[in-house]
Structure formats: structure tokens, C-alpha cells
Amino acid sequence: MSQTQTVQDAATDKGWEPRIATFLCNWCSYAGADLAGVSRIQYPHNIRIIRVPCSGRINPAFLLRALQNGADGVLVSGCHPGDCHYISGNLVARRKFALFKELLQYAGIEPERVQFTWVSASEGGRFAAVVEKVVEEVRKLGPNEKLVKTL
Amino acid sequence: MTPSHEIEARLRETAEELLREKRVDLFLGYEKATLPFRTTPLFLTSPEEVERLAWNPFCTTNLAVYLPRLFKAPASAREAERAPPLPTVAVVLKGCDARSAIALVQERQVPREKLVLVGVACPGMVDVRKAERALGEHEALGAGEDALGNIHVVVEDGREVTLPREEIVADACLECRAPTPSLPDVLVGEPVEGKDPDGARRQTDEFASKTLDDRWAHLQDELSKCIRCNACRQACPMCYCKECLLDQTRPRWVGTSTDMSDVTIYHLVRAFHMAGRCTECGACARACSMGIDTRLLTRKLGQEVEDLYGYRSGESADVLPALSAFDMDDAQDFLTEP
Amino acid sequence: MTEKRIPHTDLDGLLGRLRERGAVYAPARDDAGDVALTQAPLDDPMVLEYRNFRLSPKAFFLPQSQTLLTFCDGEAHEPSLPDGETFLVGVRPCDAKALLALDKVFLDGDPPDPYYARLRETTTVIALACTRPMSSCFCTSVGGGPGDGAGADVLAVGLEADLLLRAQTPKGEELLSSVADLLADATDDAVKEAEKRVGAAESLIAPVEVDNSAQRLRDGYDSPCWETASQTCLGCGTCSFLCPTCHCFDITDELRGTRGRRVRTWDCCAYPLFTLHGSGHNPRPSPKERWRQRIMHKFRYAVENLDRLFCVGCGRCIRNCPASMDLRTVLRELGA
Ligand code: SF4
Ligand code: SF4
Ligand code: FES
Chain A
10 MSQTQTVQDA ATDKGWEPRI ATFLCNWCSY AGADLAGVSR IQYPHNIRII RVPCSGRINP
70 AFLLRALQNG ADGVLVSGCH PGDCHYISGN LVARRKFALF KELLQYAGIE PERVQFTWVS
130 ASEGGRFAAV VEKVVEEVRK LGPNEKLVKT L
Chain B
434 MTPSHEIEAR LRETAEELLR EKRVDLFLGY EKATLPFRTT PLFLTSPEEV ERLAWNPFCT
494 TNLAVYLPRL FKAPASAREA ERAPPLPTVA VVLKGCDARS AIALVQERQV PREKLVLVGV
554 ACPGMVDVRK AERALGEHEA LGAGEDALGN IHVVVEDGRE VTLPREEIVA DACLECRAPT
614 PSLPDVLVGE PVEGKDPDGA RRQTDEFASK TLDDRWAHLQ DELSKCIRCN ACRQACPMCY
674 CKECLLDQTR PRWVGTSTDM SDVTIYHLVR AFHMAGRCTE CGACARACSM GIDTRLLTRK
734 LGQEVEDLYG YRSGESADVL PALSAFDMDD AQDFLTEP
Chain C
17 MTEKRIPHTD LDGLLGRLRE RGAVYAPARD DAGDVALTQA PLDDPMVLEY RNFRLSPKAF
77 FLPQSQTLLT FCDGEAHEPS LPDGETFLVG VRPCDAKALL ALDKVFLDGD PPDPYYARLR
137 ETTTVIALAC TRPMSSCFCT SVGGGPGDGA GADVLAVGLE ADLLLRAQTP KGEELLSSVA
197 DLLADATDDA VKEAEKRVGA AESLIAPVEV DNSAQRLRDG YDSPCWETAS QTCLGCGTCS
257 FLCPTCHCFD ITDELRGTRG RRVRTWDCCA YPLFTLHGSG HNPRPSPKER WRQRIMHKFR
317 YAVENLDRLF CVGCGRCIRN CPASMDLRTV LRELGA
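Protein chains in written order, with our numbering: chain A, 10 to 160; chain B, 434 to 771; chain C, 17 to 352.
No lab work stands behind these hints: they were computed from the structure.
Among the hints, erroneous ones may be present.
Keeping only pairs whose Cα atoms sit at most 27 Å apart, straight-line, the calculated BS3-like set for lysine-lysine is [said to hold, decoys possible]: (1) K658(B) <-> K110(A); (2) K158(A) <-> K643(B); (3) K465(B) <-> K304(C).
Construct all of the structure, not just a fragment, from the sequences and the given hints.
As C-alpha cells, this is what we get:
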């Protein structure tokens, strides 16, 4: 049994499982996730994938909205710099992401809640490893209580 | 420091000349308001009325906020046909306001060639709330400036009080790094130095040194006062979007209630949209009737943009704004690596 | 009408008695040094020296956000209405008077607004006459005054050593009789002193000409002054949100999956969204129409439809407008 599996079981006993809203760009990262699947690489099932055309399509409001609606963490992934299908979508996005992450941290929100990475279409293994890491970090933090809105 | 009345006289001359020679259609300046410690924006179109123009320690409004609406693009082709030609506008700007005007040019909201930037070297403007608080239960009936730049007040029982200027100047003015407008078409007044140009850094460093949870607690405490009136947004010269994300209803990104989650997200969104765009004028903080430190987050983001991308908004009309640009080598150490 | 007297030194005792009955909000200094209606701790003596609060007390009757309904899987639940008593002590006469305006909107309608009605029922207002009006005050021009008790249940007037308490409503009568052991009868001297103090305050207030405002505004609907005046308006909601009589609200459903709530929140005629139609058309497309609406509503429509000015002259909008606009200026220009 993998280490993740054990942690997951322990958490299930407590009745809480982190939910990670995961935004993947259509051209690289979504394909990378797909590859992880067809290659039968195991990764925790805590992610909920939302496909976007490009990491440049991400409006940070999406991420805030996910956290407000009860996601415990957010993961965003796009093509590696230089590989974006739209040439520079991820390069413009990179500046937004860097600043957004800094803003949240400065405002007192755990930086592990919102994570960014690049995954190419051929990196099924990298995708699984990133997901594993993110899920583990968010699990350590516990449920998102700061931005969530109780309805 | 050039005395206010001299600046006022120069402004009136300038306005008279520009309007009389029809070099501008509109001269945007300040006029005395009905209450002490305040001025109200003045839209001047006739050279006969320049006597209404005022310059005093209470010219707080960032007049750049009125520019985008004067140059608003017509909503439809039909409207465009009927639209009058674009006006030429002269506008009185302090150091920070001038940055806003240039930033608006950078973002193509106003055409540079239609503007006459009348810069005034700014000695720092009075914060109404600080001034009123300094008077305690007394109420000012009139306020002016003495030769040293301190604020001379007559209170309701006829007594006269002098408030030291630096004690009642707005926080943004204390931190200002460029009180003398750069790139004006006309500059009025002797150049002025910033009072505490490192103050902003000191404040962010201090806040950043608190623990994560203390920062959150402070922010929540501050924002719990928010009444969601939108004054911080409306007073900001850089908040000109035709439809603000915070107003969108399909979908509604941010709830309208005073639920702390909604309020916090309102402020995170507002602050984030100011990253690399805020010109540190403090209009948002002055507009907030609840006294919320709306600059807490915007201040930090401005510094972050400066550190990461070497950019400050409104410093040059020809540069691409930091968030519309990129560099292959931009820092990406914030990324998650497996 | 019962008139009583209580020494300043016994005020804390009075507040203590009220606290036994319910929540008590009294003037206290906050961290920033402003006096606000606060659910103050017992050991803080009540502050008597203040002009007026930054926020009007309307939020006690029309909360800024109010959940009207929660729903889950197709079933709706109405939250139970509050039943505890609340006492507001030290409300200024203008703000008390504003409640009569709100009553017109929320109680005289058919059906009346149950949420407002309940909060009005369970809340007792003890107003405190003003002795030091501000230069932004003009209550005397809009049917009120620094010693006017209309809208309050009890009106208090601060004297040298006492407070004169005057019951204004049956609820006020009941309140005074329930604490009768703490009160002394009002003497003629006390009544005279109160009159003198209120009169002195009145004389400090500069009048604004609002007579016949409805007719004059009807005539001035197309006046060019609206354009000029609204040029400076930033379109924020400071004036309405701080105004004790502004009461427009929005109702939104907040949904997550099959659960959610229906919430009522303050809204404001200065916002373009306030009148935006689903079609995209906006009948009040620019600050001119929106700003005109605010004045028209208060000084004309309310008079025509509800027989009452919807301005009590508290001056909050004048003091707090980020562009320092003053509605008195436009009223003067229009001769309204
Ligand atoms: S965010 Fe505040 S300080 Fe920055 S430009 Fe806008 S109004 Fe000025
Ligand atoms: S101006 Fe102040 S109260 Fe109004 S929305 Fe902004 S922070 Fe909130
Ligand atoms: S398409 Fe993948 S980041 Fe732009």
C-alpha cells in the first residue's frame, strides 16, 4: 500500500477528504492527466478536474470562487513556458499567478491552498506526482475554513 | 514649498489662458466645498469663472478619476455617429494623480493628445478624518493654511487652533515617493521631496512579519467594518471597467451580503485588480467612510510588481503595463514541483 | 405624557436594568476614537458628549444583509423572527424621526414587511436631544429639530446634572414605569432648562429652503442643474448607505447545488446595476439620472406618494461624500 493510500485511509476515518479544484489547460496539462490515466499511474482521487482552453484563461476569481464554494485547495496547471498553444498565454498568466499567490499569503491564507505548476502532454508521471504532493499538503492543513462561505 | 495662494493664482492664470484661447474645452480643478477641510471637483468651461478655482491643503480628490468617463467609447455604431468630437481637457494633478493619468494613457483609456496635464508639486493633503479627530468634540467652522503650511482652524466657539500639518496629512501622502508630478505639460510650484519614502516598505514588512493567522485575523477585523458601499472602487481612477466583476450577475462572482467570505473576496478581487496599476494615491482609503485601511493589500502588490518586474505604473506613457507584458525569464519559484 | 428625571450618576443603573431585559446599545467610544452605538460592557460609563454616530441606526431595523429564506432539496425554511428585546439608547432625534419614514414604507404597505415589523416591535428607542448641532445639520428645515422626539419611544434631554426623560409612545410609558424607582419627577425648572437648551441648539442650525419642494422639483425635472451637479458624483453608495431613510434593497438567491438562501441586502440608486433591465436597457443610464433620482425620491416622490419628506437633515451624506457634494446646494439652486 502506498504512503498516500495510508494517509487517505486515516483521513477517511475522520470523515474528511480534501477536495482540490484542478484547472488544467486543454492542450498540455489535460492531456498529461489523460496520459496518467491511460498509463494507469495511481494518484489520489481528491481532485476535480476543470478543463480550460489555456492557463491564460484563468481568472483568479475562479480560484477564489472555488475556495468560497468549499474547495480545500486549488491546483492550476498549464503548458511549460514556450509550449503554450497560444504562444504566450501561460507567460502572461505566470505574472498573475505569482502575484495572486503572494496576495493570498500576505492576506493570511495558507500558500499551500493555491498551487500552480506546468505539466506537458507527455508528463503523466509528473502530473500524478504533483497531485500527490498537493493533496498531501492540503490534507496536512485540514479543511479550508477561511474563505469558505456557509450557506 | 510654494505658498498655496501663489499656486492658486498660477492655476487661475493657466485656466484662464487655456480656456480663453480655446486650447481646452474643459478645465478640471478644485473648488471650495461647503464644509471645512474639503474641496469639491470643479468642471470649468468658461474663462470668466476661474475665480472659483481653489488650491489649498484640502485638494484631496484624485481628479484623474473623471477622465475615463470623458473619453468613453460609444456603445454602438449608431451612437458613434452621433457622438460629439472628443474634448480637450486640462486637469490639475498632484504627484500621485499624475501617475494615474499617465497610467490611464498607458491603458488606452484616455488619449494623451487630448490632455493638458497641469501638475502641482504637492506638499501633502489633509486627511479630513484625521483633522476632525484631532479637534475632538470641537467642530471646525473654517480652515486655512498658515505661512508654515500648518492648518489653521476656527472652531465653533470662536477659538482658533493650529494643527501641525504632518499630524493630519493623509497616510498615502506621508508615504509618497513622488509628490512632484513627472511628465506634466505645465508644472506649478517648486518641486517637493517625499516625506517618508520608505514608509510603505516598512509597513508591509511589519505586516508580513506577523504570523499567517495574525495577518488573517487583522484583515478580518478591518474588513468587518465594510458596508459594501463601493466607494473605494468608485473613487479609484484605475477602476474604470464598464462592467466590474464585482457587479456581474451572470454568474454572480461575489455575493452582495456582508457575509465575511463575500466581503473578503470583494477586497481580494479589488486589490488584485490593482496589482501593477495602483498609483498609490490613497483615494480609496479617503473615500471609505468606515475608515478601512483599503491600501493594506494594494500597497503590497505594488511593491511585489516593482520587485519582480521592475515596473511602477504611471511612470511612462509608452511602457506596456506589467500585467500585459511578460519576460521568458520571469521568476517562477512559486510553482509547485513534484 | 410622563416626564421624569434621572441623575447622570444613576444612568448606569438604568442601563443595567435594561440589560436584564434584553440587548442594550449605548454610545461608547471605539478604538478609532469615534462614538458609536455599542453593546457596551457594563463598566464603561455611557458617553453623553457626542455629535452623532457615523452609521445611522437603520441597520437595527433593516439589516444590511438579512436572510429571508433558506432552502434545501426543494424545501424552504423561513428563519424564525427574533423575539428578544433591544434597547437603543442615545439615538439622535433626526435618526429617530427617520424611523417614521421607514414605517411608511415597511409598515403601511399591504402586506407590511414582517421582518421590519418584528424588529420595530422588539426595539425600544431612547433618543437624546442634541445640544451641539453640526454645520451639516438641517433638521429644523425638514420638519424636525434637536429636541424633537417623534419616532422615539422616549426622548431624553441632557441637563446640568440630570437627564429629563419624556415618554413619546405607550412603549415609552411602559418603559418609564418599569424603572420608576430610579426616576424622580420632572420639576418645572428641569422642563424650563430643557427648553432653553433645545432652543439654544435650534438657533445654531442654518435653515435650508425646502418648502413646497415637490412642486419645485416637478418643475425642475429637466433643469440643466442636474447635469452640472452630477458631474462630480462618483457613483458610490456612501450617501445612501449612511442615510437613515434610504431603504432600497435587493433580493438575491445564493445557490450551491440544491441548497441556498434568499438574502436581502441594501442597494442604492447611484449604482447603474440598480435599474439595469434584463434586456440590457438602462432607464437611468448616466450619473445625471441616477443622482436626480436620489433627490427626487427624497424631496418629491416621497412627498407625493407617502406625504413625507425622506430626508431628516442629519447631514451624513454631506460630511461623508468622497467628492464633497452637498445636496443643500442643489436644493438651493432649484429653489426647492
Ligand atoms: S487602489 Fe487606491 S491607492 Fe491605488 S490607485 Fe486606486 S484609489 Fe489610488
Ligand atoms: S469604501 Fe469602505 S465600506 Fe465601502 S466598500 Fe470600500 S471598504 Fe467597504
Ligand atoms: S494552452 Fe496550455 S497554457 Fe496556454
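Review point. Which hint numbers doesn't this structure obey?
Key: The structure breaks none of the hints.
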